[in-house]
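So the sequences go chain by chain: A and B.
Under numbering that gives the first Met the number 0, read the first sequence as residues 0 to 503, first letter to last.
Under numbering that gives the first Met the number 0, read the second sequence as residues 0 to 175, first letter to last.
Fair warning: there could be bad hints in the mix.
To be verified - Ranges between beta-carbon positions, derived for each pair:
{"no.": "1", "chain 1": "B", "residue 1": "T1", "chain 2": "A", "residue 2": "V445", "range": "40 to 48 Å"}
{"no.": "2", "chain 1": "A", "residue 1": "R234", "chain 2": "B", "residue 2": "M163", "range": "42 to 50 Å"}
{"no.": "3", "chain 1": "B", "residue 1": "P54", "chain 2": "A", "residue 2": "R55", "range": "52 to 60 Å"}
{"no.": "4", "chain 1": "A", "residue 1": "D431", "chain 2": "B", "residue 2": "Q27", "range": "41 to 49 Å"}
{"no.": "5", "chain 1": "A", "residue 1": "D307", "chain 2": "B", "residue 2": "D33", "range": "49 to 57 Å"}
{"no.": "6", "chain 1": "B", "residue 1": "R108", "chain 2": "A", "residue 2": "S453", "range": "20 to 28 Å"}
{"no.": "7", "chain 1": "A", "residue 1": "R68", "chain 2": "B", "residue 2": "V110", "range": "42 to 50 Å"}
{"no.": "8", "chain 1": "A", "residue 1": "P249", "chain 2": "B", "residue 2": "D55", "range": "52 to 60 Å"}
{"no.": "9", "chain 1": "A", "residue 1": "A428", "chain 2": "B", "residue 2": "M0", "range": "33 to 41 Å"}
{"no.": "10", "chain 1": "A", "residue 1": "E176", "chain 2": "B", "residue 2": "R141", "range": "21 to 29 Å"}
What the hints assert, rightly or not - Straight line, CA to CA, 20 Å or less: simulated EDC-like cross-link-like pairs of lysine to aspartate or glutamate:
{"no.": "11", "chain 1": "A", "residue 1": "K166", "chain 2": "B", "residue 2": "E143"}
{"no.": "12", "chain 1": "B", "residue 1": "K150", "chain 2": "A", "residue 2": "D346"}
{"no.": "13", "chain 1": "A", "residue 1": "K166", "chain 2": "A", "residue 2": "E176"}
In short, the hints are calculated from the structure, not lab data.
As the structure is a computational prediction, the values presented were derived from the model and not from experiment.
Using N, Cα and C, we set each Cβ at its ideal position, and we do this for glycine too.
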Amino acid sequence: MKVLIANRGEIAIRVMRTCRELGLGTVAVYSDCDRGAPHVRYADEAYHIGPNEAIRSYLRIDAILDVARRSGADAVHPGYGFLAENPAFARAVAEAGLTFIGPPADAIALMGSKTAARQAAMRAGVPVVPGTETPLGDEVTDAAIAAIADPLGYPLLVKAVAGGGGKGMRTVSAPAELSGAIRAARSEAGSAFGDTSIYLERRLERPRHVEIQLLGDHHGTVLPFTERECSIQRRHQKVVEESPSAAVTPALRAEMAKCAAAVAGAVGYTNAGTIEFLLDADGRFYFLEMNTRLQVEHPITEMVTGVDLVEWQIRIARGERLTLDPARLLSPRGHAIECRVYAEDPDSRFMPSPGLVTGLRTPSGPGVRDDGGVAAGYEVPVFYDSLISKLVAWGEDRPRAIARMARALSEYEVLGVKTTIPFFQWLLAQSDFHDGRFDTTYLDRVLAARAERSFGEIGDATEDVAVIAVGLHAYLRAAAAGAGASALPSGWRQTARLEGLRSS
Amino acid sequence: MTFEIEINGRTRSVSVERIGETTGGAHQFRVSVDGRVRLVDARRVGASGLSVILPDCARASHDVGLAETARTGEWVVHLATGSLRAVVNGRRAARGGVDSSGSLDGEQRVVAPMPGRVVCVLVKPGDEVAPRQGLVVVEAMRMENELTSPKAGRVKDVQVAEGMSVEAGRVLMVIE
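Bound conformation, chain A alone:
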């Protein structure tokens, strides 16, 4: 069996790793600028699918299916992003006689509509955030929407029906702001998703984002997993996740797991998916949406349950039965944390920092997992998401996992591009984070409060070391450049010679 991975970067490699363990062949696809990318070099076979822009390469269903045909692939894994939640892709893969390693196209389409997903949750008896039940298309006037909004109460959220990740979403604190928010949300949703329909939702005060991973097979079994805590978000994007949540008791976990399985069961869901909930301070939870794909934060679930989710995606797609022990999935072993390492400059409002990675040293050792997608000598392109690695630390309990993550971050060295590593080092040192006292508004609030201070603040002693190191470096370069290799002290010359041998 051969699997085509319709993706790039770290997730493509993540999927290929499991394929290799299972003895399955791997087929990579790449755009112009990704010719030298690690996912191409890792795969058994690799095929060019188009120019740099995703719309002309990684989003080209026809080009990807053509590669599947030429390579003789039997199955397609979409990863996340790109075509992962595009029902037309899942359908086209099936119609080409291939196995789609993911949920049925109908389930993707249904859950892609946020209002339809809310209705499905309500039918399954699962609480949803109070809001409108049907999409409000362009034909519904602002006045009509205001009449719907009044009984819901303010503050509320205007959200895109086709939305996700905070796109096409606006907060409205008072009735006067409603019209402007509707206009902005419709415009953003129209350009991002090609659908201007919106709906309204009451805005919960400082909720946590807690989600339940699940797997469903083709024989009617749906198994929920221990929750993931994803409240550390910057502008609605998760940046740190952990499992289990400090705010969830075993009783609450059982209740959330039951509700998640009920929603999935009600829509005939199969393969891997995630039900997202908002959890308020009183322990009440509400269905938010369903993600019909593997998620970026899936490794923390794997670390605390010992289950390879990608392996089970493949086995389910082959028609196998889920044979995992349900009790084990809800009894986490230890604690896991994930930091999403992006090529971004945290000191410049997290501006993307594409460019050549000139040096890379990744952390390892006990309890550390680095799902990376870049290498030294590789250029982070400007055309795609800037996620370069998911760094995961496991510990016997939460304090140990935090300490281990801090240790792993101190080992991580990325040269050439800026990364969010200094930001994570700062976050892990915050007492609110240590105490588990946070909600989805926490990070944006503390970031705003610390204003423009650099995350890379370094003590005087370390600064002295940096000055000395740069001086030595400048000396060695000048010595090498000025008088040729003969001016180099013998030890340096020997090192250079050894390197020459290694790279040849």
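With chain A held as given, fit chain B onto it using these hints.
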């Protein structure tokens, strides 16, 4: 050899002299930072690494990574506790770009740092803006990025509108 090294806004005079070989391919150096002399045991490791042991303070061992940036003489220094930028002989080398002191005379062009789409224009011609005030939001690499004003001034010319696609280097507006 003597260098002027600027780190964290401070420039220091650093003199380096090689004294002799130590062990395992390392050498001993006498390094003077603004007149304060230290003996240092150092060994290059790979193309970008430097292992530094400071014998005079409990043989403190430091693993240092160094990478050249696009600016002449500028290096990123990476240590376990974080990384910072250093400029070697900055006054002598021809330096382009923005003055790090933030005092910018004349018109400043705000350009797109990478290809993307203009999501939102936050100011209009004639607006007074403060340093680091948000001017325009450009979506690139699947993120919305707010470009900020390089100086206090007035918006002279807005050359883009919401929804427009822009190439890297495209002038978005001018601040005078």
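Consistency of the hints with the structure:
Distance hint check: the CB atoms of T1/B and V445/A are about 43 Å apart, consistent with the given range 40 to 48 Å. For R234/A and M163/B, the Cβ-Cβ distance of about 22 Å falls outside the hinted range of 42 to 50 Å, so the restraint is violated. Distance hint check: the CB atoms of P54/B and R55/A are about 58 Å apart, consistent with the given range 52 to 60 Å. The hinted range of 41 to 49 Å is satisfied by D431/A and Q27/B, whose Cβ atoms lie roughly 47 Å apart.
Between D307/A and D33/B the beta carbon distance is about 56 Å. The supplied range of 49 to 57 Å therefore holds. Distance hint check for R108/B and S453/A: the Cβ-Cβ separation is about 25 Å, which falls inside the suggested range of 20 to 28 Å. Between R68/A and V110/B the beta carbon distance is about 44 Å. The supplied range of 42 to 50 Å therefore holds. Against the hinted window of 52 to 60 Å, the Cβ-Cβ separation of P249/A and D55/B comes to about 55 Å, which satisfies the hint.
For A428/A and M0/B, the Cβ-Cβ distance of about 38 Å falls inside the hinted range of 33 to 41 Å, so the restraint holds. The given range of 21 to 29 Å is respected by E176/A and R141/B, whose C-beta atoms sit roughly 27 Å from each other. Proposed proximity of K166/A and E143/B is supported: the alpha carbons are some 10 Å apart, at most 20 Å. The suggested pairing of K150/B with D346/A holds, with an alpha-carbon distance near 17 Å, which does not exceed 20 Å.
Of the pairs offered as hints, the one joining K166/A and E176/A holds, with about 18 Å between alpha carbons and a cut-off of 20 Å not exceeded.
Hint violations for this structure: number 2 only, all remaining hints satisfied.
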